[in-house]
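Chemist: Chain by chain, the residues:
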Amino acid sequence: MTQPFLSIRNLRKAFGAITAVHDVTLDIPKGEFLTFLGPSGSGKSTTLYAIAGFQDPSSGNVELEGKSLLAVPSHKRNIGMVFQRYTLFPHLTVAENVAFPLRVRRRPEAEVKKKVADMLALVRLESFAQRLPGALSGGQQQRVALARALAYDPPILLMDEPLSALDKKLREEIQGEIRRIHRETGVTILYVTHDQEEALHLSDRIALFKDGRIEQTGSGEDLYLRPATDFVAGFIGNSNFLAAEHLDTKDGTATIRLADGSVVSGVRANGAFGKGQKTRLMIRPEAFGMERSPTSAELNVDIVDVAFYGERRRIVAQTATGQEIDIRPTSTAMQSHDSTQCRQVYFDPAAAFLFPA
Amino acid sequence: MSVETRQSLPTFRMPAGFNGLLPALVLIVLFFVVPVLALLLRSVTEPEPGLQNYATLLGDGTYARVFFNTFLVASVVTIVTVLVAFPVAWMLAIMPSALASIVFGIIILSMWTNLLTRTYAWMVLLQRTGVINRTLMAIGVIDQPLPLINNLTGVTIGMVYIMLPFMILPLVGTLRAIDPMTLRAAALCGASPFQAFHRILLPLSLPGIAAGGLMVFVMSLGYFVTPALLGGTSNMMLAEMIAQMIQSLLNWGLGSAAAFILLVVTMALYALQLRLVGARRMSGGA
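The listed protein sequences derive, respectively, from chains V and S. Read in my numbering, the first sequence has 45 at position 45, and its numbers run on one by one without any break. Read in my numbering, the second sequence has 202 at position 202, and its numbers run on one by one without any break.
Bound conformation, chain V alone (with noise of 0.2 Å):
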């Protein structure tokens, strides 16, 4: 990472007896799409509203290339944003909302209308520019909102779970169309959700929050393949965990034995385990296959139900004590007839991931 474009210190925002966010520090670099992804709660909209200007941090700081915004008011921080409810001013047209930015600048004319013209191309609404925000849809509103907070090309945009007012279909097309805007445009974005497909496909980092804290940042597939915790691992994509006793680790691989009594050598150790610590073991569903393999460790399990998914299947197992499990082979991967029995299901241990109990 190069010089720090912005960069959040140790940021700490309290209500009251309550802390929403503990201790934050991230540093973005120019050009970045980083996602705040966690649960409600966990203290990432807080993190951007300091960012905003709409809350004072309790301490900390927020710089944007070397210079605190603290003192800097909201209004002159020349940040665009775009919000989770629907913000446009119901009393001006789309053309004249994307103005509004540069009318309180006191741009001159020929340029507002260019760069009011450029904004409405952008994000593909030039035939509505003389509608009213009440005679467009969500999904177009929220469009118009992104058209009016580029229209200054502020270095930042910060965007609060704009599309979570949406239905699936409009959420998706309209991820599409800020990919397509963040490429065209180099701006750094900064987007809160709580939706993990969501991140996963928009982000080029992911900064996971839990409880006022960052507990992973990474690429989408760091997140996902390489958690460093089992909240991270719980949170992004679906997982198994399973009791475990630790027996050993050597190199950063641990054998375990599972309650079943079986012996797993090699799979991932998350942290120094002590022998005969209680521990569980994280396996993605599909991480899961039917057939054996030379390096594949296996388990028995009861089959309860198979359900056909398209590409996957989807099946609930039992394992020897009962626990439930998840698990999506490829559809190719097992025959339909295979049901309802006991049988034996095969992960690669490298593929496993052990985290304190």
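Any given hint could turn out to be false.
[Stated by the list, open to error] On the chain V side, residues computed to face chain S include the following (Cβ under 10 Å):
id : residue
1  : Phe5
2  : Arg9
3  : Gly66
4  : Leu70
5  : Pro73
6  : Ser74
7  : Gly80
8  : Gln84
9  : Tyr86
10 : Leu88
11 : Leu92
12 : Phe100
13 : Pro101
[Said to hold, decoys possible] Distance ranges between label pairs, derived from CB positions:
id : chain 1 : residue 1 : chain 2 : residue 2 : range
14 : V       : Phe54     : S       : Leu83     : 26 to 34 Å
15 : S       : Ile79     : V       : Arg124    : 44 to 52 Å
16 : V       : Glu109    : S       : Gly59     : 46 to 54 Å
17 : V       : Val72     : S       : Leu146    : 42 to 50 Å
18 : V       : Gly16     : S       : Ala228    : 50 to 58 Å
No lab work stands behind these hints: they were computed from the structure. All C-beta atoms, glycine included, are put in the ideal place defined by N, C-alpha and C.
With chain V held as given, fit chain S onto it using these hints.
Modeler: Frame of chain V, contents of chain S only:
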């Protein structure tokens, strides 16, 4: 519904439930329409048939002064009421709702207090040797008592006080419908607090200002008690003049004509407001 069933109905029928509305209609005609027509009739028949009452009222400088005064007082009261009510309404709109209902209670309670009591209370406060003048003189702000009563100032203060709830209530409704996030969005777009106010908040609250403003203006035009008690002889208002014409001079014709002019002006203003706000609503989308 198919076309046949519709054709099978009689060609003309009273709207359903019309019979139930009849008593109410009789009431309206008897107590509202008939008196207004009687008023109109009197104004063109007494003391003799013709439009001379209207000619007198509109041609005479003394009466013209009363009309002018009435409009002046009503305008000043309306403007001052809007200026005072706006911050109060905004505060009520953004306040936690529990606290807001307490403040609302106080405002409504003042509306329920007897009008005469409240106006006499202002007399006690505003007169030469009243609480306000004495306090200001005691702390040395002024040497001479301020002329706060029996003039336009007195009438304005007393009437604004009485009219405030009629302005605040519709305005709070309008302001509450404005999403505070809209103003945050305006701020991030680079609008200073003043720009956000005059480009966003003010235009969005115009329907409320128009509704409350018209109500206050129309009520002020016909107001009697407060101008009579707090106003001076030199700025008589129309209602006082009508009372004088009918009670002291027994000139029913002239009094009726003045009342009818007031009614026409009021209705014209109401029609104008309906047009303006209606047009705005349609173009405003929301």
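Chemist: It remains to establish, for every hint, whether it holds in the given structure.
Modeler: Comparing the hints with the structure gives:
1. Phe5: 19 Å, violated
2. Arg9: 22 Å, violated
3. Gly66: 22 Å, violated
4. Leu70: 16 Å, violated
5. Pro73: With a minimum Cβ separation of about 8 Å from chain S (threshold 10 Å), the hint on Pro73/V holds.
6. Ser74: 4 Å, holds
7. Gly80: 7 Å, holds
8. Gln84: 8 Å, holds
9. Tyr86: Holds: closest Cβ of chain S sits about 8 Å from Tyr86/V, inside 10 Å.
10. Leu88: Holds, because the Cβ-Cβ distance from Leu88/V to chain S comes to roughly 8 Å (cut-off 10 Å).
11. Leu92: Holds, about 8 Å.
12. Phe100: Since chain S brings a Cβ to about 6 Å from Phe100/V, closer than 10 Å, the hint holds.
13. Pro101: 4 Å, holds
14. Phe54/V to Leu83/S: 26 to 34 Å: Once the Cβ atoms are compared, 29 Å apart, the range 26 to 34 Å for Leu83/S and Phe54/V holds.
15. Ile79/S to Arg124/V: 44 to 52 Å: Holds: the Cβ-Cβ distance is about 46 Å, inside 44 to 52 Å.
16. Glu109/V to Gly59/S: 46 to 54 Å: 51 Å, holds
17. Val72/V to Leu146/S: 42 to 50 Å: 46 Å, holds
18. Gly16/V to Ala228/S: 50 to 58 Å: Once the Cβ atoms are compared, 54 Å apart, the range 50 to 58 Å for Ala228/S and Gly16/V holds.
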